[in-house]
Structures are given as C-alpha cells and as structure tokens.
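**Student:** One-letter residues, chain by chain:
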Amino acid sequence: MSARLRVRLDASLCVGHGRCYELAPEVYGEDVEGHCRLLHAELPRELEDAARRGAANCPEGALEVEEG
Amino acid sequence: MSRPDAEKGRHRVQLFSAEYAANPHPVWQELVERCPVAHSAGAGTPVITRYEDVLAALRDPERFSSEMEGALALGTQRPMIPQQIDPPAQTRYRKILDPHFSRRRMQQIEGDVRAHARGLIDAFCERGACEFDSAFAVPLPCSVFLTLMGLPREELARFVELKDGIIRPEARENDPRDPAEIRREMGARIYQCFDRLIDERRAEPRDDTMTHLVQVDFEGRPLTREEILDISFLLFLGGLDTVTATLGCSVAYLARNPGLRRELAAHPERIPAAVEEFLRHESPVMSVPRVAKEDVTLGDSRIHEGELVMLLLGSANNDPAEFGDPSVQCQRERNRHLAFGAGPHRCLGSHLARMELRIALEEWLARIPEFAIAPGETPIYSPGIREVRYLPLVWPPPAPGQAGRDGSAA
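Which chain is which? The protein sequence lines are A and B, in order. Take the position in the first sequence, starting the count at 1, then add 357; the result is the number in the working numbering. Take the position in the second sequence, starting the count at 1, then add 26; the result is the number in the working numbering.
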C-alpha cells in the first residue's frame, strides 16, 4: 500500500484567490479573510485527488501535496 | 500589431487600439514566443509578456511597486487605497477589506444579484434582440455595486456617466474639453457623492459597505474621511468596468462558439470552469502597471530603476509554457490564470466578480440558450479595458405565453 499523503499550506504565501476551496471544498475551507485553511489534519485517502486538484490551481504555490 | 526587430530583440506593441482590443490573441502569441520584454509603441514602456515573469513581478512589490506618479491620472486627488500603495501599509488595509469581500460574504448577496439579472433579461427577452453592453453588461454590475455600497439604484444612469467620464473621457458626446479636465470634474463629483454617503451612514448605519467603512476598527481607530473616500473610489472604478468588460467578452465568445454555448446551456454546472477560462483567455484587463524600484534584467532586456513597466496579463494568461494549448477548454485541469493579478494586490473584488459572472451566464443561458451576433454587425471592443462597447445580439424570441423561465409568465 502506498504511503499516506498530506497537504502542506504555507499561509505566508496565500493571498486569498480561493481557487482551492472553489475546486475542492471537501479539502480546503476559508477563514474570515477568505484565505485558505485546511479542513483535515489527516487527509482521507478518498480526498487525495481533490487535494491535488486544489493545490495545482493555486497561483501562489502556497499548497503542496506530499507523502506524509 | 507588433513589429519584430530581431537584432535588438525589441518588439514595439500598440497596446491602446480598438483593433488590438478586438483581436489581441495573435499579438499575445507572438510576444510570448519571441519577446519576454516588448516595448509599447509611443512611450516605449517595457512590457513583460511571459507567465512566469509576470507572476514573479506581481508577487514582488519590493521590486515592482504600485506607487506611481501616474496614479492620479483617473480623476483622483490621492492614490486609491489599497491598489496604489505598497505593503506593508497596503496589507493593513487589506486585513479590514478582505473579510467584507470574501466568497462567504458574496454568497449572501447572490440572491439579490440573480434577481437583478432576471429583471434585466425580462425587459428584452421577448424582443429577440438587444445591444448587450447597454442592456445587460453595464447595468448589472452597476446595480450590484450601488446596492452593495448603499446607494439608491435610481442613481444608475448618473453613475454610469461618471464611470465612463473617468475611464473613456474621449468617447463622451458633445464634450470637447480636454480628457484630463473631464476626469477631474467627474472625479470631484464622485468624491462629493461618497462624502455625502459617509455623513448619512455615520448618522444612520445600515447593512452596506459604506456602513462597514465608517464603523470598522482600523488598528484601534476609525478610518479617516480621506481613507474612506480613497477606498470607495477604488471600489467604484474596480466594481463597474471590469465585470462589464468580462461579461461582454464572455458573451461575445459564446455568440461565436455555438458548441460551447450549447454545452454550457445543457450543463450549467460547467459554467464556473467556463468563467475561469473566459477570465484567462479573454483577459479583459489586458495589462497592469508597476514601477521598477531597482534595475531588473530579464533575458536580454534591462529595465531601469524608476521606469514604468506594463505587466501584460493577456499574453501571460495565454502562454503555452504554463497553459499548453491556450484555447478555451473547460476541462482544463490546472488554471492558475492571472486575470485577477497575484501577490499582495490580488483583486479585492475577485469573489464578487466570479459570482456575478457565474450568475449572469446561468441566467442568460437558461433564458436565451441560442443567440448570435446580429447578421452584418461587428462588435466593437474598447482599447485599454476590453469592454465590448457594441455587441448587437439576436435570438429566436420565445413563443407568446412562454416567456417565463419556469412557465410562470401568465
């Protein structure tokens, strides 16, 4: 079985485009300023594709999906 | 059109013409392929063209500043907040403005925007024809802005006149004055209008943006009158013209591309992806200015400290190095477009704009799924911001008694 993935958010890079929570609302949420917040400390396996889709669409490169 | 000058690696580009605005893609394609830094015809301003370089500049306010001498060119008396100031001051203002323009906030006014859109379509749907700019693309964002800001909707015509006077003073009919003078006068009238609204909301708060601005705690103090005016001026200019232009560009694209139009009418759940593609491919805000704070070398070109620089969002958004085939593709897996900019100045109104565009297209396609540019007519695009100033559309009018979207016309 492959290793579990996790999402890393660099909050200092997020400026609130909101592409992640538009495209993958099951993985990414928004704080009061509209910046990204991660909804899961542990990424459930069935959300890995959604996590990747959200991360790939961040223009600031603030999100990375990597092996935990 | 651009003129290659391979020896010096310099392209001259005409960035302010109606011909270019109507068909910018060939110019953009040539620039991203051949010329990372072009120069504008006339002033010779350096123009950065590739995705990677434009993104890097947008994210680097220390080298590419938003504070510039030309900042007062749009009828303003002071720089607009927060667009024309740099971090760290800029970031402090965004902290109090971002919550008010978050996606979550915008969801609260979605119903209102939908009602505006339906009301506009009701007025012309049965005629089977309209001039899209004046009938829909201008009044929708303008009504939404007035409601959001707390201004009476009866002021719509006056605000459209003020906006056009600032953005396109040369296009005013029967007004031979110098454009700069027109802008100053219109600017003064806009300040006056918001000045009055500040007093009204201080006396009697409501649930609108002006009330937020007069009440918000800005690091332990209220915003000053000048700060509120400088923020309001930006919301006014940003909120009206850009959404109007994107609506026009999107609907003109759909009029010319029946395949996509039918796909979206049959699958409205694909409209959000289409909106992102229109923003990217059409790039209605074709470029944004910055000032170099130090000498910068890009490829063979040197940009000098203090020099004005244009970041060409349109070419960056159609750069094959980032997007592969840059044509409109709603299935695109990665769309990191820069239509709303990037970095600290990422468009404050982007969530409002996205919502307005999505709802406008949903409502339009539900009622008018088949439409085309009127035979023999040619849409006219304005230079600068790509507003489609003239977009005559025709469609098969609904049969009498079937005008309502849900059969409720009777």
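Source of the hints: derived by calculation from the structure; they are not laboratory data. C-beta atoms are modelled at their ideal positions from N, C-alpha and C, and glycine is treated no differently. Hints may contain errors.
Only pairs whose alpha carbons sit at most 20 Å apart, straight line, appear in this in silico EDC-like list of lysine to aspartate or glutamate [said to hold, decoys possible]:
(1) B/LYS121 to A/GLU423
(2) B/LYS121 to B/ASP138
(3) B/LYS121 to A/GLU405
(4) B/LYS319 to B/ASP86
(5) B/LYS319 to B/GLU88
(6) B/LYS121 to B/GLU331
(7) B/LYS121 to B/GLU253
(8) B/LYS121 to A/GLU390
(9) B/LYS121 to B/ASP234
(10) B/LYS121 to A/ASP367
(11) B/LYS319 to B/ASP79
(12) B/LYS121 to B/ASP243
Far from chain A, by Cβ distances over 12 Å, these chain B residues were calculated [claimed, not checked]:
(13) GLN40
(14) ASP124
(15) HIS126
(16) TYR217
(17) GLY264
(18) GLU302
(19) ALA347
(20) ASN361
(21) ARG362
(22) LEU374
(23) SER376
(24) GLU388
**Student:** So, for every hint listed, does it hold in this structure?
**Tutor:** Here is what the structure says about each hint:
Straight-line distance between C-alpha atoms of B/LYS121 and A/GLU423 comes to about 30 Å, which puts the hinted pair past the 20 Å bound. For a cut-off of 20 Å, the pair hint linking B/LYS121 to B/ASP138 is broken: about 26 Å separates their Cα positions. Using a Cα cut-off of 20 Å, the hinted pair B/LYS121 and A/GLU405 is violated, with the two alpha carbons roughly 32 Å apart. With a C-alpha separation of about 10 Å, the suggested pairing of B/LYS319 with B/ASP86 holds against the 20 Å cut-off.
For the hint linking B/LYS319 to B/GLU88, the alpha-carbon distance of about 7 Å falls within 20 Å, and the restraint holds. Between B/LYS121 and B/GLU331, the direct Cα distance comes to roughly 30 Å. Violation of the 20 Å bound is thereby established for this hinted pair. Restraint check for B/LYS121 and B/GLU253: satisfied, since their Cα atoms lie roughly 14 Å apart, inside the 20 Å limit. As the CA atoms of B/LYS121 and A/GLU390 are separated by approximately 7 Å, the hinted pair is consistent with the 20 Å bound.
Using a Cα cut-off of 20 Å, the hinted pair B/LYS121 and B/ASP234 holds, with the two alpha carbons roughly 18 Å apart. For the proposed pair B/LYS121 and A/ASP367, the alpha carbon gap of about 18 Å is at most 20 Å, so the pair holds. Distance check on the hinted pair: B/LYS319 and B/ASP79 sit about 16 Å apart at the alpha-carbon level, within 20 Å; holds. A distance of roughly 11 Å separates the Cα atoms of B/LYS121 and B/ASP243; the hinted pair therefore holds under the 20 Å criterion.
The beta carbon of B/GLN40 sits about 28 Å from the closest Cβ of chain A, which is more than 12 Å, so the claim that it is off the interface holds. With a least beta-carbon separation of about 4 Å from chain A, B/ASP124 fails to lie farther than 12 Å from that chain, contradicting its non-interface assignment. Against the 12 Å criterion, B/HIS126 falls within the reach of chain A, whose nearest CB is about 10 Å from its own CB. Once the 12 Å rule is applied to beta carbons, B/TYR217 is consistent with being away from chain A; the minimum gap is 28 Å.
Every Cβ of chain A is farther than 12 Å from the Cβ of B/GLY264; the closest lies at roughly 16 Å, confirming the non-interface assignment. Look at B/GLU302: its CB is around 8 Å from the nearest CB on chain A, not clear of 12 Å, so calling it non-interface is violated. The claim that B/ALA347 is not at the interface with chain A holds, since no C-beta of that chain comes within 12 Å of its own (minimum 15 Å). A beta-carbon of chain A is positioned within 12 Å of the beta-carbon of B/ASN361; the least distance is around 6 Å.
The claim that B/ARG362 lies off the interface is violated: its Cβ sits roughly 4 Å from the closest Cβ of chain A, which falls inside the 12 Å cut-off. Non-interface status of B/LEU374 relative to chain A is broken: a Cβ of that chain comes within 12 Å, the nearest being about 9 Å off. In this structure B/SER376 is not separated from chain A by more than 12 Å, as the shortest Cβ-Cβ distance comes to only about 7 Å. Every beta carbon of chain A lies more than 12 Å from that of B/GLU388, the smallest distance being close to 16 Å; the non-interface claim holds.
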